[in-house]
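Go by the hints and put chain B onto chain A.
Each chain, written out:
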Amino acid sequence: MFGLIGHSTSFEAARRKALELGFDHIAEGDLDVWCSAPPQLVEHVEVTSPAGITIEGAYIDSCFVPEMLSRFKTARRKVLNAMELAQKKGINITALGGFTSIIFENFNLLQHQTVRSTTLDWQRFTTGNTHTAWVICRQVENNAPSLGIDLKTAKVAVVGATGDIGSAVCRWLTARTNVGELLLVARQPQPLADLQSELGGGRILALSDALSEADVVVWVASMPRTLEIDNNSLKKPCLMIDGGYPKNLDSKVAGGGIHVLKGGIVEFCRDIGWSMMEIAEMDKPQRQMFACFAEAMLLEFERCHTNFSWGRNNITLEKMDFIGAASVRHGFSTLNLNKNLQAAVA
Amino acid sequence: MPTLNAPEVSVLEGHDALPDFTTSAYKDAYSRINAIVIEGEQEAHDNYISLGTLIPEQAEELSRLAKMEMKHMKGFTACGRNLGVQADMPFAKDFFGPLHGNFQIALREGKVVTCLLIQALLIEAFAISAYHIYIPVADPFARKITEGVVKDEYTHLNYGQEWLKANYEASRDELFEANKANLPLIRSMLEDVAADAAVLHMEKEDLIEDFLIAYQEALNEIGFTSRDIAKMAAAALSI
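Residue numbers (numbering that gives the first Met the number 0), protein chains in the order written: chain A, 0 to 345; chain B, 0 to 238.
Please keep in mind that the hints were generated in silico from the structure rather than gathered at the bench. Some hints could be false.
Stated by the list, open to error - Quick list of in silico lysine-lysine cross-link-like pairs, DSS-like style, CA-CA up to 27 Å:
1) B:K66 <-> B:K110
2) A:K72 <-> B:K110
3) B:K230 <-> B:K179
4) B:K26 <-> B:K73
5) A:K88 <-> B:K230
6) B:K150 <-> A:K88
As the list claims (entries may be wrong) - Looking from chain B toward chain A, a few residues come up when the C-beta cut is under 7 Å (computed):
7) H131
8) I134
9) V136
10) E204
11) I207
12) E208
13) R226
14) A233
Quick reminder that beta carbons are idealized off the backbone N, C-alpha and C, glycines included.
The following block holds chain A by itself, in its conformation from the complex (with noise of 0.2 Å):
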C-alpha cells in the first residue's frame, strides 16, 4: 500500500474540506482546535496502471494549515503525528507532501524518530523529490520549443540551484539536454560554488540579474512574499516553470509573453476514485497531482519499498532515469502549457 500525507493549502480550505467531508465540529472549531486535531486518514483508494499492475493506497491529512507554520512545536507534531500515522496503517511507501517534507528537512525531524511508542522507520518515506525534479526537467524540455525556445541557445535560470531539487535538476539539465547555458541563483554562496564544480559548469548570478537574462526560469525555492519581479525586466518570450511550494508564480508575473506553468505536476491516464486532490487545488483533481505523491504511487507498482528519495543532494541521474522511466509506463505525464498534456516520452 501507498501513503500521501497531505494537507489544505489554508485553514479557511481546510475548513470547507472538513465540512464536506462531514466533519462539521473540528470545521467549526477555530485555529487552536485544528492544532490539537489528529491526523486523519481520509480516504483508501484503488488505482490500475496501464501494466496491468493495481495497488491500493491511503491520504493521510495532517491537519496542519500553513498558518501554523510560525509555530514550531505543532508544525513538527503534525508531521511526526501522520507519519506515525502511516506506519501504523502498515503502510509501505509514504510520500510527504506540500509542507511536510519542507518541515521535516527544515526542522530537523530526523531527530525525532520516536513518536510515542512508535520508532519511525524511514524506509517506509520518500520525499518524492526524484520524481518531482525529474518531471521538471521533462516540463523544460517540452515546453521551452513551443514558446519557440531552443534550448541549445537558451539560457536556463535555476532559482533554488543549490536545493535538493535545484541540484537535481541542475545536474539533470547539464547532463541530459544541451541547454546553452546555465545560471545558478541561490542564496549562499558556498554552496552554490559546490554546486558549480560538481557540475563543471554554470554561471553563478544575483536573482534580478539572472531574471533578466534568463529565456527559461525554473523556480525551486520558496519565494519571499515581498519579492517583486518586473515583468519588463524579463525576456520575451519566457517559459516560468513554478516548482515551489506554495505555488503563487502567476500572480506575480504572467501574460505579455510570459508563461507560468506549474512544475512538478503529473497528470495519471484515468480519473482515480479519489476527492481529496481539490484540496490541492488542481485543475483536474481526479486525475492530476503533486509529481512527490505519484513518486510513493509509482514506487508502489514497482514493489520499490524504500526511503528512494531522501535527505538533501542525494539525487542521482540513476534515480531519475528510473523513476522517470516508472513514470511514463504507469501512465503519468507531465502537465504542460495550454493545458495540453504530452506524453512524457524520453
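This is chain B only, laid out in the frame that chain A set:
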C-alpha cells in the same frame, strides 16, 4: 502565505529544554499534577476491581490489572517524595469528582460498556498521552518510573478495547451515549490541568492531540468508522 524562515526556526528549537525541578513554582505545580496521577492510579485500581463484579468471569484478569495500578501509584508517590513535594490529594479528588461520579452511577446500573469507556478507554488514553509527553521533560527519577508505567497502560487500554470490540454491535449505542456524557469531562480536566502542566513543560495542545490519537485509535480498533470517530472526538475539541 507564510514561508519557512530558517533563523526563526533555530531560535524556537531551544524550547525543548528541561525545566528546573528545584524551583518553588515547579514544586507547586508538581504537587497537583503528582496528586492527579496518584489519585488516577488509585481510582483505576478501584474501578478495575469494581468492573470485576460486573464481568465475574474476568474478575481474575481485572484484579491483575488493578494490582498493576497500585504498583504505579506507589511509583508516582515515590516521584513526589524524590522532589520533596507533598501531593495535593484534596485537589485531585475534586479533579476526578465528576468522572468518578459518572463511573459510580454506571456501576450501580450495571452498565459495563460505560464503565469500560470511562476507565479503560478515556482514563487510560488520557494517562498514556500525558505520560508520553511527560517523559521527555521529567526529572531522571520520574522518567524511569513513568517509562515503566506507560508500557503497562497500553495493556489496560487494550483490555477495554478488546472487550468492546468483541461486543461491538451490542455496545455501539451505549458507547455513543457514554462518549457524549464523559468526553467533555476529560476535556475540562485537560483545561484544569493545563496551567500546571505548562510549568512542567507539557503543552495543552500536545496533551489534547496525543489524547485524541490514543482514543481514536482505540475506537477504530473497536470498529467505529473514521466519520463516527471524528464526530465522537469533536466533543473533546470544542469547549
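Status of each hint after checking the structure:
1. Between K66 (chain B) and K110 (chain B) the CA atoms are separated by roughly 23 Å; this keeps the pair inside 27 Å, and the hint holds.
2. Taking the CA atoms of K72 (chain A) and K110 (chain B), the gap is near 41 Å; set against the 27 Å cutoff, the hint is violated.
3. A threshold of 27 Å between alpha carbons decides the hint, and for K230 (chain B) with K179 (chain B) the separation of about 10 Å falls inside it, so the pair holds.
4. Under the criterion of a C-alpha separation no larger than 27 Å, the hint pairing K26 (chain B) with K73 (chain B) is consistent with the structure, at around 19 Å.
5. For the suggested pair K88 (chain A) and K230 (chain B), the alpha carbons sit about 21 Å apart, so the restraint of at most 27 Å is met.
6. Using a Cα cut-off of 27 Å, the hinted pair K150 (chain B) and K88 (chain A) holds, with the two alpha carbons roughly 20 Å apart.
7. The closest approach between the C-beta of H131 (chain B) and any C-beta of chain A is roughly 5 Å, which is under the 7 Å cut-off, so the hint is satisfied.
8. Given hint, I134 (chain B) at the interface with chain A, is violated; its Cβ is 9 Å from that chain's nearest Cβ, farther than 7 Å.
9. The restraint placing V136 (chain B) at the interface with chain A is violated, with a minimum CB-CB distance near 12 Å, outside the 7 Å limit.
10. Because the beta carbon of E204 (chain B) sits about 5 Å from the nearest beta carbon in chain A, less than 7 Å, this interface hint is met.
11. For the restraint placing I207 (chain B) at the interface with chain A, the shortest Cβ-Cβ distance is roughly 4 Å, inside the 7 Å limit, so the hint holds.
12. The interface hint given for E208 (chain B) holds, since its Cβ lies 5 Å from the closest Cβ of chain A, which is under the 7 Å cut-off.
13. Hint status for R226 (chain B) relative to chain A: holds, with the closest Cβ pair at about 6 Å, below 7 Å.
14. Interface hint status for A233 (chain B): upheld, as the beta-carbon distance to the closest one in chain A is roughly 3 Å, under 7 Å.
Checked against the numbered hints above, the structure breaks hints 2, 8, 9 and satisfies the rest.
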